[in-house]
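Protein chains in written order, with the numbering used here: chain A, 1 to 141; chain B, 1 to 141; chain C, 1 to 141; chain D, 1 to 141; chain E, 1 to 141; chain F, 1 to 141.
I should point out that these hints are in silico values taken from the structure, not numbers from a laboratory.
No experiment lies behind these values; they were computed from the predicted model shown.
Possibly wrong hints are sitting among the right ones.
To be verified - Below, a sample of chain F positions facing chain E; criterion: calculated Cβ distance under 7 Å: (1) Gly59; (2) Leu104; (3) Val107; (4) Ala115; (5) Leu116; (6) Thr118; (7) Ile124; (8) Pro126; (9) Gln127.
Every residue gets a Cβ at the ideal spot worked out from N, C-alpha and C, and that includes glycine.
As a plain string of letters, each chain reads:
6 protein chains.
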Amino acid sequence: MTPLIEYDQASPEVRAVYDDIMATRQTDYINNMWKALANHPPSLQRTWARVKEIMGGPGTIDPLVREMIYIAVSVANNCDYCIHSHTASAFAKGMTKEQYAELLAVVGMAFETNALSTAFKVPIDPQFLVQTENKPKEDKP
Amino acid sequence: MTPLIEYDQASPEVRAVYDDIMATRQTDYINNMWKALANHPPSLQRTWARVKEIMGGPGTIDPLVREMIYIAVSVANNCDYCIHSHTASAFAKGMTKEQYAELLAVVGMAFETNALSTAFKVPIDPQFLVQTENKPKEDKP
Amino acid sequence: MTPLIEYDQASPEVRAVYDDIMATRQTDYINNMWKALANHPPSLQRTWARVKEIMGGPGTIDPLVREMIYIAVSVANNCDYCIHSHTASAFAKGMTKEQYAELLAVVGMAFETNALSTAFKVPIDPQFLVQTENKPKEDKP
Amino acid sequence: MTPLIEYDQASPEVRAVYDDIMATRQTDYINNMWKALANHPPSLQRTWARVKEIMGGPGTIDPLVREMIYIAVSVANNCDYCIHSHTASAFAKGMTKEQYAELLAVVGMAFETNALSTAFKVPIDPQFLVQTENKPKEDKP
Amino acid sequence: MTPLIEYDQASPEVRAVYDDIMATRQTDYINNMWKALANHPPSLQRTWARVKEIMGGPGTIDPLVREMIYIAVSVANNCDYCIHSHTASAFAKGMTKEQYAELLAVVGMAFETNALSTAFKVPIDPQFLVQTENKPKEDKP
Amino acid sequence: MTPLIEYDQASPEVRAVYDDIMATRQTDYINNMWKALANHPPSLQRTWARVKEIMGGPGTIDPLVREMIYIAVSVANNCDYCIHSHTASAFAKGMTKEQYAELLAVVGMAFETNALSTAFKVPIDPQFLVQTENKPKEDKP
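Bound conformation, chain A alone (with noise of 0.2 Å):
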């Protein structure tokens, strides 16, 4: 229902945020979804800036595992769109079909016990609820 905004109908600002995508992912393909959030300038530039520093930007969990990630929660909130985009994404980053088969298979588990535990009202053990320690963080000598 959404129109898409193809790039030679796009603003500027529009353009400089698909000149992004394409030259951050080496690709000259722009997908659906940022030709619907285009509809709405802000929300296509907020949501790109922090797709890229999410999902693609330096941090301690490989990229391939959050894509993986994404997958279970899109499978959770059961967005079409999103579980077909990652699951694409995960393959073309190297997820293996036996990793894809092991990935279903946590999620489908974690699926089923959720859903005991949540019809049981299991209470939680003790040590689950222990903090883990809060000291307060020094950043100069």
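Once you've looked at the hints, dock chains B, C, D, E and F against the given chain A.
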């Protein structure tokens, strides 16, 4: 609401599962989820067998990554017990505070973009629909 | 956070609903859900009228089965209050511990297979799409 | 899968609801949701009566705002039909493209922060638990 | 996106499951869910074994009721494939159009009251928290 | 489980965000969500910047309406903390008890009709799929 079955009040078949949980995890502690499931021994046996295999068995996804995926699903399904127990497991398996923060950043961003593409009804790009080629599986010469 | 309206502080219109709940359920107890809804009498009246009709009225599905279906939905929607109140209702209506365990086994398995087919985007088999034939309804000769 | 009941094949009781929908909305079009509900006249009557009252009846929330709230819930519940039909209704009631973009920005952000506070298990601040004072309601001098 | 494994291209271990599905259901048709799961034989075997036991095995809940519970969960989880396949199964097992309408009336009402009590944060009534008494289980004299 | 970072133990970068929250909201109170996010300063900064802009920045949707939309999503995602904090915010911004009751009536009804149309798989009416026309955006003469 569901009563918790302690070891000393458990039937031999339930004790056998408790013994395997303790041996497998090298602990003498049985967490409440199992004590709740023990009200129905077949469910306890079936669930433990799958958790043992899928979360702890051999595979191509690192056990800590499996925990991160499990946490992501549990947050999306809002399973209080599961979030607590598996966040504790992930920290026990070496997840750093930085990795935990990055995990939640991916989960939070996935939630947001899941909502946006669901609302926009973004059409799926054709290349995301292409099947990975499927060849007949042979398991003999 | 929502205040609970007790009988003695309730308006006549709210008391009329409370009286009908107690008469219908042959009890002198009003559970908290109704006391919360009583903050908005039209919502109280509308909700009680539907609950009374759908859960307790005449029909072709056994009242205990209706409770089991209600529990299944409440687990999936993670409604803490609803899970507690309707699990109690189901036991009050004769649900056995074995039936409860089997109910949760079906719910847990449905969760898992829901996740798997959502992730796989399994194409729907043509015969599942066939409509049950639809004939004009006549209610006179 | 559910057959759609067209006006000319509908029973008098169903036609009466269709007539009221068309009169209320000043249109000669009945959308598919009603034609599906018409397979069970009591459900059709019950549902239409509530939609007519809650979405279109007198109240202190502007009808366009009610549609925005409805869209927010439908996105969260991932109801494809509901998102399409109520987004169309909202635009028909005057929602601008800017308002639509802002609505989705709020929905997307709520999704993200919902996930974060669910994952963190943030303790509820005491002042958020304080009840609005609850005085006995009097409806006579 | 996931390829479907047809019988003639399946490995012996997959064919063994297909053969058991056809024998158990007395049909020569394998629906797509299994053909998708067949991409990972261990998942196919594990899932079929549980579905066969939980949905079709001996138990105290009528198989048609199990299907109704399955449909309720699938609607709540919004699993398109599952809703279609199990609604078809329920009708095949004798669900009448009236029972189907009543099933959906319970599901719809549960959704509404789930939302209301979640929003109100209704405190759980003490008697709903009382545990069914839990006696040690003995399985020998 | 996540420790809360108090102002006096916070790093300068965290204090800068706390100061902006207090200045923006004209309060000397920092609610727990921010103290939890403060464990990861980049997440705290990113989240506050967006909340400040989307919930409190200039726009065409009234700030109270934004809170109502936020509550609707939080109920659907079952975020306990979010429901409490934003219901409090909405009352602080002038929501009346009548508006609150009407908000929940819309949310509850949306939940019910979401479930019904998801279960029925109601086909989307063609006119709901029509795109609002999409003209090239010009931002220069």
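Hints and how they fare:
Taking 7 Å as the C-beta cut-off, the interface hint given for Gly59/F is violated, the closest approach to chain E being about 25 Å. Because the closest C-beta pair between Leu104/F and chain E is about 5 Å apart, less than 7 Å, the hint holds. Among the interface hints, the one on Val107/F holds; its C-beta lies about 5 Å from the nearest C-beta in chain E, closer than the 7 Å criterion. The interface hint given for Ala115/F is met, as the beta carbon of that residue sits about 4 Å from the closest beta carbon of chain E, less than 7 Å.
With a cut of 7 Å, the hint placing Leu116/F at the interface with chain E holds, because the nearest CB-to-CB distance is about 5 Å. Here the hint on Thr118/F is kept, as its CB sits about 5 Å from the closest CB of chain E, short of 7 Å. Violation of the interface hint for Ile124/F is found here, the shortest Cβ-Cβ separation to chain E being roughly 13 Å, above the 7 Å cut-off. Here the hint on Pro126/F is broken, as its CB sits about 20 Å from the closest CB of chain E, past 7 Å.
Of the supplied interface hints, the one on Gln127/F is violated, with its beta-carbon coming no nearer than about 23 Å to a beta-carbon of chain E, more than 7 Å.
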